[in-house]
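**Student:** Chains as they are written, first to last, in our numbering: chain A, 1155 to 1787; chain B, 178 to 425.
Be aware that one or more of the hints could be misleading.
With a straight-line cut-off of 16 Å between C-alpha atoms, the simulated EDC-like cross-links for lysine to aspartate or glutamate are [what the hints assert, rightly or not]:
1) A/Lys1278 to A/Glu1421
2) A/Lys1560 to B/Asp289
3) A/Lys1347 to A/Asp1511
4) A/Lys1278 to A/Asp1257
5) A/Lys1560 to A/Asp1511
6) A/Lys1639 to B/Asp288
7) A/Lys1464 to A/Glu1359
8) A/Lys1390 to A/Asp1549
9) A/Lys1348 to A/Asp1257
10) A/Lys1535 to A/Asp1506
11) A/Lys1347 to A/Asp1257
12) A/Lys1694 to A/Asp1715
13) A/Lys1473 to A/Asp1581
14) B/Lys287 to A/Asp1729
15) A/Lys1278 to A/Asp1223
16) A/Lys1780 to A/Asp1738
17) A/Lys1535 to B/Glu276
18) A/Lys1639 to B/Asp249
19) B/Lys287 to A/Asp1521
20) A/Lys1535 to B/Glu205
21) A/Lys1560 to B/Asp288
22) A/Lys1275 to A/Glu1397
23) A/Lys1780 to A/Asp1715
24) A/Lys1278 to A/Asp1187
Treat the hints as calculated values from the structure; they're not laboratory data. These figures come from a predicted structure and were not determined experimentally.
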Amino acid sequence: MNMLRFQKLPATLALAAALLLPAFLHAQTISVDLSQEVAAVNQPVVLNIVVTNGNVTQLPAQVTGDGLDIRFIGSSNRVEINNFKRVDTAIYSYQVTPLRTGDLIIPSILVKMGTKSYQTKTLKLRVGGNSGGVPVLPALPAGPGRPTSPYGNPYGQPQIQQQRVPQPQPQQQQQQQAPDPDRIIFGELVIPKKTAYVGEVIPVELRFYFAADVPVQQPEMPNFSGDGFTVMNFSKPTLREQEVEGVAYNVIVFQTAITPAKAGELEISPAALRAQVSVPMQTPQGMDDFISSFFANSGFGMQLREIEVKTKGSRLTVKPLPAEGRPDDFSGAIGQFTLRATASPKTAAAGDPISLDVTVAGRGNFDAMGAPTLQDSEAWKSYPPNESFRASPSDPIGYNGEKTFKYMIVARTDTNTTPTPEFSFFDPAVEKYVTLRAGPVAVTAKGGSAAASSAATTTSAPAATPTPAPSVAPTPTPPADLLAKVRPASFEPFALSRGFLMGNVVAALLWIILGLVGIVRAFTRSDYARRSHQRRENQKLLHRAQDPSLSAEEFFPVAADFVRSRLAPDGSSSDTSELVAAADLTPETREGILAILNHGDAWRYSAGSSSRLGAEERQQLLAYLKAFDEEVR
Amino acid sequence: MKKCAKFFVCLTVFLVLGAAWIRAGAIEDGDAAFAKGDWQAAATAYKTALSTNGPSAGLYYNLATAQTKAGDRNAAAVNLRRALMLDPRLSDARVSLSEIERSQGVAPVKDDWRVFLAEKVSLTAIVVVGAVIFWIGAFGFLFVLVRSPRFGSIAGFILVALVGAVIGAAGALSDPKISDRHTGVIIAPEAVGLLSAPADQSQAVAKVSPATPVRILGRSGDWTYCQDGTGQRGWLPSSSVEPVVPAT
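Construct the entire structure; sequences and hints are all you get.
**Tutor:** Structure, rendered in structure tokens:
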């Protein structure tokens, strides 16, 4: 048996490995994106290389691009568990500073992962004289130290070909407070705009500076809220080292976005962060300075102190969305978006649906965005779309990304093109409403006869101008807009209907009864029940033996049965005298019981003996039996 | 005695046939009026049919279609919701309701898994299948426990019962007759304010567009306490809100 188990072990392990292997096998991907595609001269944007499940060993510190200054500024990591799969994502950031106007091409970047090399795709940056109101967060300059994540980096850091990077000078820092190197700990609230529109999403960074010799531990999520605007969820914090005018700082950065809810001057309250820092303990009076400095420098004599770091507040002028030029299908989307549409399958038989996927990509308030409208859709019957949002991999707050609206459309008549999706939004960069159309997708679809008749009725009978029907006589079939099936129904939920509840109650009662029967049956067959029964039988025999009316012929068999029953409840085949001899009894009791058994044999086999049992003798024999009963128990 | 019995049988047959004729007549009248483009008459006939025939998803849909054509979009929204409550797979009603809500400026609400489930399969079938699977698991568990208790078998039947319970619960929770039982629809012609107190002069905490669904939390006199889709709670005049489940 054990051998068999060991033979099965490898097969079991192989099966387990086969089941678990997919959980650890995961694809290695590299993608690249820009924080925005539109910028102004000398206004830096961030290029992120997102590496999933890969260990980057080498990246260039500087990349040459026509009209562009591209420098590595840092990295961050995150670990996610998706469907029992661990996904490690590392984001390597470059600051891209355009030096002239025009459509500038960001060249591909060589990424080395061990022995393999990858080239990222080229990207286009549109550079104008100004950013046109597109919110741009000033990049955090990389310091001489290595940027890292407060949650640790499972891969270690790639080798950057040139470690020392000159400090870029972001242009748009009108709301930044200049860090004061005299301060040990301070916060900074970075808002890239001074004016915004109601409903516009504005990315915000909260930066908390801790002097490098003040180790910080366990930062909580910052407290940042206020009246007149809503705050999105915070990103996971990233930790960078930065040198400000000769003073080294650890900077904890949180990203979020705010959305103004009303027009007017908006006061933005300071953000506060609670964290623990290590500070030297108070030196006891009389301790030598040399000893106290030794303990402090070696890490002893430090204590954790909980502190709160606050940024300064800020102000924002919030304007209402203009009423002029507002398209009828404007649903509240504010930002910069593109629109594209795909359809599948390309061929549909009569009544078969086609999935029309309309994707709105870009940056803005995806949460408040309504679905695009479908124009030129007379030949189609459409259903409300399902929505799904996918944030850009390098965007931790859901500001950049794409939202896909999946429409199911069914052709009413034969047609070769899908409806034309149309999407309107307000672009704060140009301060105008923009309407995008994604051209109809070429498909081949057959119209259903029922749908066609319905469509014909719909198109021939506008809501405001009822068209008289050619025949006034009532017809047994209802008009095409109506439903022919008029089945009775009830507002009572089926799950709460009397029939369903009664059925379940009956099943439950049956289950309870069967359960009780099972319990009783199991109990009556148990050892405990059998022993209890035997005990009751024994007591009956003893009680019967005490009956004074019993004759000797009757008494001794009863007494013998009692003794045997007590010593061999399971019906042993051994002789009763042998059982008595082997039992743990006092000598006096044993002799008495053996005498009863012998007397019984004598009474049984001796003919003509008197059947009377004297009262004294009966008492003596009963005393033996009771003593025997006690001792056996 | 025999004559008396014959009389009652004849009377019963007469009443049943008469009622069926009246009901069928109302529906046919509605269809005929609709075909003629007399939307008001069609709506009235369908209301008559509903009052005599009882609830029907098809009748509510036809009534809503007539009301839409007649320009009464808010009443149509209520009746389309009733049609969908009775038959969640009535996709035509869902499309019409979506169009009405879009035209009335109602903020779109993302459908959750319950709507998805209700659209795809019969909720009654799901509830029945879930209950059957649950009881198979429950009785199997009992049988194994009494006859030959083994961990694998017991765990298996418990799992079967749990799966059945989850399926049944999913079906029950997806039923709009349960989930939308306390839903009402704004039938006021213009947007109305959710008031902080049941009084005309009280402050409005939010505005709700016509045809917007709200959750009815209670009533006090001529006022209804409601919660809109954003979670704002307030009072509305009862005449502005029509419960989806009609009062019996």
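**Student:** Failing hints, ascending?
**Tutor:** Failing hints, ascending: 1, 3, 6, 9, 11, 14, 18, 20 and 22.
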